[in-house]
Each structure stands twice: as C-alpha cells, then as structure tokens.
Amino acid sequence: MGKTLYLLSQSQLIRAIKTNDTSVLKQFYVANYPKVETLILKNSGTIEHAKDVYQEAFILVWTNVKNGKFVPQNETALQGYLYQIAKNKWTDVLRSKSFKNSKSLDSITLRVVRDEEEDNEPKNTKLEMTMEAFKNLGQPCKQLLTTFYFEKKSLRDIASELNIEESTARNKKYRCMEKLRTMVLASKNT
Amino acid sequence: MKNKNNDISQEMLEAIERYINGTMDLKERKDFDDYLKIDSDFRIQVEEIKTILSGIETQALKEELNVFHQDIENQQNKKDNYKKIQFLKLSKWVAAAAVVIAMVSIWFFSSSPSQKLYAKYFTPDPGLPTTMSSTNNFDFYDAMVSYKHGDYKKAIEKWTVLLETKPQNDTLNYFIGMAHMNSKDVNRAIPFLERTVQSQDSFPLINEANHYLGLAYLKEGNIELAKKHFKLSKTDSSKKIILELTD
Numbered sequence: 001m002g003k004t005l006y007l008l009s010q011s012q013l014i015r016a017i018k019t020n021d022t023s024v025l026k027q028f029y030v031a032n033y034p035k036v037e038t039l040i041l042k043n044s045g046t047i048e049h050a051k052d053v054y055q056e057a058f059i060l061v062w063t064n065v066k067n068g069k070f071v072p073q074n075e076t077a078l079q080g081y082l083y084q085i086a087k088n089k090w091t092d093v094l095r096s097k098s099f100k101n102s103k104s105l106d107s108i109t110l111r112v113v114r115d116e117e118e119d120n121e122p123k124n125t126k127l128e129m130t131m132e133a134f135k136n137l138g139q140p141c142k143q144l145l146t147t148f149y150f151e152k153k154s155l156r157d158i159a160s161e162l163n164i165e166e167s168t169a170r171n172k173k174y175r176c177m178e179k180l181r182t183m184v185l186a187s188k189n190t
Numbered sequence: 001m002k003n004k005n006n007d008i009s010q011e012m013l014e015a016i017e018r019y020i021n022g023t024m025d026l027k028e029r030k031d032f033d034d035y036l037k038i039d040s041d042f043r044i045q046v047e048e049i050k051t052i053l054s055g056i057e058t059q060a061l062k063e064e065l066n067v068f069h070q071d072i073e074n075q076q077n078k079k080d081n082y083k084k085i086q087f088l089k090l091s092k093w094v095a096a097a098a099v100v101i102a103m104v105s106i107w108f109f110s111s112s113p114s115q116k117l118y119a120k121y122f123t124p125d126p127g128l129p130t131t132m133s134s135t136n137n138f139d140f141y142d143a144m145v146s147y148k149h150g151d152y153k154k155a156i157e158k159w160t161v162l163l164e165t166k167p168q169n170d171t172l173n174y175f176i177g178m179a180h181m182n183s184k185d186v187n188r189a190i191p192f193l194e195r196t197v198q199s200q201d202s203f204p205l206i207n208e209a210n211h212y213l214g215l216a217y218l219k220e221g222n223i224e225l226a227k228k229h230f231k232l233s234k235t236d237s238s239k240k241i242i243l244e245l246t247d
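Chains as they are written, first to last, in the working numbering: chain F, 1 to 190; chain A, 1 to 247.
Same shape as in the complex, but just chain A (with noise of 0.2 Å):
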C-alpha cells in the first residue's frame, strides 16, 4: 500500500487534483468516482492529496498571516513612538518648568537673605509734607508733589536742578538718593545717600538716611557696609534688621 501511495502517476494526480477542486466535466467525474467506489486503497490516495493540498494552503496562509501581522506590529509600534515622542514633548516642558523652578528657587534662596530682608523693611520714604505757604523753597517742594505722586523720574530732573547750586545740601541729596531708590535703582542712590550721612551739619534725617544706605547695601550684596550704616542709624527697624543679618 505504501508502495502504491509513493507512486501516483502525473497524470493521475491531476486528475485527482481536478476531482478535488471540481473541475472534472460530467464525464470524467463520473468514471472517477465508479473507480473511488471499487478501489479503496485508491480512495486513501485519493484522500492523502486532499489532505496535502489543505496542507499547502493551510501553511502558505499560516505564513502570510505573519506578513499581515507585521502591519499591525508596525502600526503598534507607530502609536508606542507617537506616545514615547509625546511623552518627549512633555517631559521637555517638564524638564524646562524644573529648569525655571529651579532657577527661581535658586534666585531665591541664594541671593535671598539680604534680597529678603530688603523687601522686607524697604518702604519709600513718604517725603516732606508741602505746603503752601513755603514759597520760597518753591522749586523744591514741586520736585517734592512730583515725587509724592511718584513720578520719581520728574522729582529727581528738578532736584538735580538745585542740586547745582547746592551740592552739599543734605536734604537734596537725601530725597534723590530716595527717588531712585523708590525707582528700584539702588546704584544711583547710594552716592547720594553717602554725601547725606558723611555731611558734617547735622542733619534731622540722618537715621533714616543711614537705613536707607544700609538697605541699600544690603540690596547691593554689601552685608558688612550694610551693617554699619544699619547701626549708625538708630531706627527701630535698622536694629531688627542687624538682629536678623546676625542670627
């Protein structure tokens, strides 16, 4: 029987091929199965190369469904990119909010002692009330309404003015000193608060005019200039100061 299933002849296996697909005409189908009926050992082959064709296609369709596999493979890993790039994008802007925190907490931390205690205790001076009556010190009292509205800017242009004439004029220096310290403009403000407390005349201001310095300082970096124009100044708020700038 083995031997009889080793050899079928070409012509006989397209033939039963054509059995199998339904392809015979009438004819030819009609022989073939009065041979199937009289021949079992015929009817076995007949059925083996049933089986193998069903296990060509099977296994060819096997193969290609890895093929098919592949693009939902690749589409998976198309949507695992798109999330990882997506998650890039996030984590840069997270990575870039740290950057930013981290600077600020820096900012903060670091240069913050002094900065701290600046904004702490810095609180413009409120300046000289004006009156009406006190005309002739005209000039000076315009700058002073200039610089009670806050306009710092037109308060110290017409200080400036006067200062020409009077250079050593403690008051003047005082209050353009504050002017730009209220414009957050510590650098310009320490010179003229310097020529306020090194002045000889005593001065009614000079407390305030040494914290002021002091702050200024303090803004500035300078703890050791700053302490000492803090104790110079005999304020309330200069000692709680040099209590904290000591602690």
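Bound-form chain F, shown alone (with noise of 0.2 Å):
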C-alpha cells in the first residue's frame, strides 16, 4: 500500500482532497498513520490517543488544502505536513495543564485538552456545532446531504439512484438544508 502511495502525486493528493476521493484518501489515511502512531506510544500515549490526535490531524490538512492555506512545495510535503500537524497537536496535549495534573492517562484528557483549546478559538465552535448537529440529523437526509455535498454526485445521479425525479430529489436537498440550519440555529440558541 505503501507502494501505491508513492506513486500517487501531490497533485492528485491535492485533487483528492478536493474532490473527497475515498479510495485515494483512504490510501493517504493509512499509509501514513504508523509514524504517528509510533511517535505518540513513545511519548507516553496510547492507542487511542493516537487515532484521536491523528484523525485532528488528518482534518486539519484537509481543511487547510481545501481552503488553499496549504499548498505542498515537494513530492512528500503533504505526508510531511500531516506528520507535523500530528506532533503539535500532541505536544499541546503533553504541555497542556489537564494532562500534566492528570496522573493517568485516559480518553477524558485528551477531551478536556480539547475544549481548553475550542475556548481559545469561538470561531470553530459555529462548525462544531453544525457538524454535532449533523451528525445527529435524521438517517434519509443525512444520507442525502452526504451523498450531495461530500460525495459531489449530481443531483441527477443521487435522483436515478433513489429512482426519483430531479425535481424531487433537489427539493429534498433543500428541506434536508433547512432541517440541518434550524437545528443548528436551536443549538445556538441554548
């Protein structure tokens, strides 16, 4: 797998990115999660830290190359970016107060570190709010916004899948939106 990975380019990485290309991001995923697995049992962490840290990680390089803050300079500036960001995040978890007061190690600090952290940035928390909200939004329509805004499928393609018309799935996207906005809205309320 590692292999293959090689073989995939920092464009088509970048393109991959963009287009939330499974197959190639899986690739990515994988390939490149040992390193930071080894670098936080090393340092005192555990297993699930490490699939916690690195899954922030992989988000946060999405996100930035999706919204152009990261543009890769070499052919492994992507995998090196990803490992950087792993190690920080890690770092702040290993400098952080909870963690240093805390004297066993549990999933509860790496959350604690974590809405230390969200306290500082009020900006993410309108996004972790929508993403809260969605991931409890109903089955059908969670599917549908899914498959429409993750996926990137047409409106056509999602509409022949459910065998429905084009109209009808496009008005379903839209009430599916509008569900989503009220139930963040309510949750910005409280």
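Quick caveat, the hints were computed from the structure, so don't treat them as lab data. There's no promise every hint is true.
[To be verified] Subject to a maximum C-alpha distance of 20 Å in a straight line, what follows is the list of computed DMTMM-like cross-link-like pairs (lysine to aspartate or glutamate): (1) A/184 - A/157; (2) F/35 - F/52; (3) A/50 - F/178; (4) A/234 - A/201; (5) F/51 - A/63; (6) F/66 - A/63; (7) F/69 - A/14; (8) F/51 - A/73; (9) A/50 - F/151; (10) F/142 - A/17; (11) F/142 - A/157; (12) F/188 - F/132; (13) A/184 - A/220; (14) F/152 - A/194; (15) F/126 - A/63; (16) F/153 - A/201; (17) F/179 - A/11; (18) A/30 - A/41.
[Claimed, not checked] With the Cβ distance kept under 10 Å, some of the chain A side facing chain F (calculated, not the full set): (19) 13; (20) 31; (21) 34; (22) 49; (23) 51; (24) 57; (25) 60; (26) 65.
From the three backbone atoms N, C-alpha and C, an ideal C-beta is built for every residue, glycine too.
Mind assembling these two chains? They're in different frames, but the hints should get you there.
Written as structure tokens, this is what we have:
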C-alpha cells in the first residue's frame, strides 16, 4: 500500500482532497498512520490517543488544503505536513495543564484539552455545532446531504439512484438543509 | 435577523452554494458581490451557509475516517493473530519438548535406581584368554574369539551348537548368558546364568555368574532376586551394589 502511495503525486492527493475521493484519501490515511502511532506511543500516549490525534490532524490537513492554506512544495510535503500537525497536536496535549495534572492518561484528558483549545477559538464552535447537528440529523437527510456535499454527486445521479425525479431530489435536498439549519440555530440559541 | 436567517428560499440557497463553490458565471457573481456589499445580514447568511457546508463535509469525512481506521485495526488484529499463531506454534514445540523432558526424567528417576546401578556396575566379562595351544576345545575358543571381537551373535550361535552336546556345561552356559547380556538381551541371559549358578559343580566363575545374574535381575527390576544373587556373589562390586540397594 505504501508503494502505491508513492505513485500518487501531490497534485493527485490535492485533487483527491478537493473532490473527497475516498479511495485515495484512504490510502493516504492508512499509509501515514503508523508513523504517528509510533510517535504517540513512544511519548506516553495510548493507541486511543494516536487515533484521535491523527484524525484531528488529518481533518486539519484536509481543511487547509481545501481552503488553499497549504500548498505542497515538494513531493512528500503533504505527508510531512500531516505528521508535523499530529506531532504539534500531541505536544500541545503533553504540555496542557490537564494532562500534567492527571496522573493516569485516559480519553477524558484528551477531551478536556480539546475543550480548552475550543475556548480559545470561539470561531470553531460554529463549525463544531454544525458538525454535531449533522451527526444527529435523521438518516435519510444525512445520507442525501453526504452524497451531495461530500461525495459531490450530481442531483441527477442521486435522483436516479433513489429512483426519483431530479426535481424531487432537489426539493428534498433543500428541505434537509432547512432541517439542518434549524437544528444548528436551535443549538446556537441554547 | 433570526427570522431572516430561517428564511432562505431554495433558489437563494442554491445561489449561495454556487457562489461558495465558485460555479457562478461572471455576471451572476458580480450581482451577488454587489448584493453582499450592501446587505450585511445577507453577508452573515452567506457565512452561515458556508459554515454549514463545511460542517457537513467535515463531519462526513470524520465518519469516513473511522471507516478508514477499521482497515488499520483489522490489519493490526491480523498481525496480532499471526503473532498469536506464531506463539501457539512455538508453545506447541515448547509443550512437546516439555513432554519429552518429562518422560525422560520420569524414566530416568522412576526406573532409575536399579537401571542406574545396572549401568554403573555392568561391564562385560572380558572372556577367557584364547591360546593357540588349546586345540581340544577349538570350537569353544573359536566362539570366544568372536565374543572378544564383540560379535556376540556369532559367539552365541557357535556355543549353542556345543551346548547341545553338553547342556550342563557351566562355562558354556555362563558365556552364552554373558553374550546375551552384552547384546543387551537380559531376558535371554537369565536362564543361562541361572543354570550356571544352580550347577552343583564348583565353577571357578561362580561369583561372577551370581554378580551378573544379580545385575540381570536388577535390570529387570526384580530387586529381591538381584539382592539374593549379589549376596551369593563374593565380588567387591556386588557388595557395593548391596550397600547401594539397602541405602
């Protein structure tokens, strides 16, 4: 698997990130995990920590590439960037007050650290709130919005898959978005 | 404002999406930009939709990552299983080795006192000196040569022929018995040695005969008979064995 990854150029990875090509993203994800796991396990972390930190780092890389905040400068830039972010995140955890205070490491520690971070970045809460709302959205809507916004399938394809008219699919999508927006607004007001 | 946020038409939503995705044509985009400039509420609305779109994508990715991760976990489980199998394979060998060791030591310690004594005290009888002159007993000494060469089978064959004519001959019985013992055939040795020691004649090797018979019984595990014959034997090594047996 690692070998196939070397065949993937940075531009292929960038394209895969922008279009959410899951098969390429998966290769990239699986190939770069072991190094991060080793780092965290060697530095008083657990496999749970490794998974959490790696996923956060992966999402951040994905976001920054999407926004054009990160542009790879060499053939292993994305791999290096991913590792560096994971490393920084783990360093933050190790330096955090709650980590130092806690005698035994557990998943709670990581969550507390994350909450501390969030306090510093209130801007992120909006996104987190949307994510939380989307997580809890009813399955049919969630499925439809995922296919459209994440997998980026056209309404026509979605309609034919669901065996409905394209206009029906379009209307469904709109209603699902309204539902989600209502949920986000509701959570904002609490 | 909240009310306004809650109220986005399908057309407006799709226009905002087109704007965010950068799929508007130049004219539409220019109009949209102009609208954004004059309406701050609209700007907020667009920002909110933007956040919602990235929220959907990010959450969808997050859930996808867990799917990706299962691959890693499966691989690790496979590795662990492989290690387990390797370990089981190894432990099978260890267990087999342990059984062998156990069996050997059981054999060594249980069957041992007598077996050990036997091994310690049994040295083959060197046989009688063969001289070129003893011509009248040529056949006997011919067999003795075989015996001395360690060819006990041939020696037994030759002596057995002689024994047919002199079944009570002490010397023949003794050496046939010894030849059997030397070929580690204690069972066959015992009857010959018994005949030797039961002989009424005075036999020059009677002590040796009793000693070897004792050893034969010892090897058979019959301690009582072994003791009896060691006692009858007056050799030093028999006395030593008796001491060891009574310890």
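field: Violating hint indices (sorted, rising)
entry: Checked against the structure, the hints that fail are numbers 7, 11, 14, 16, 20, 21, while the rest are satisfied.
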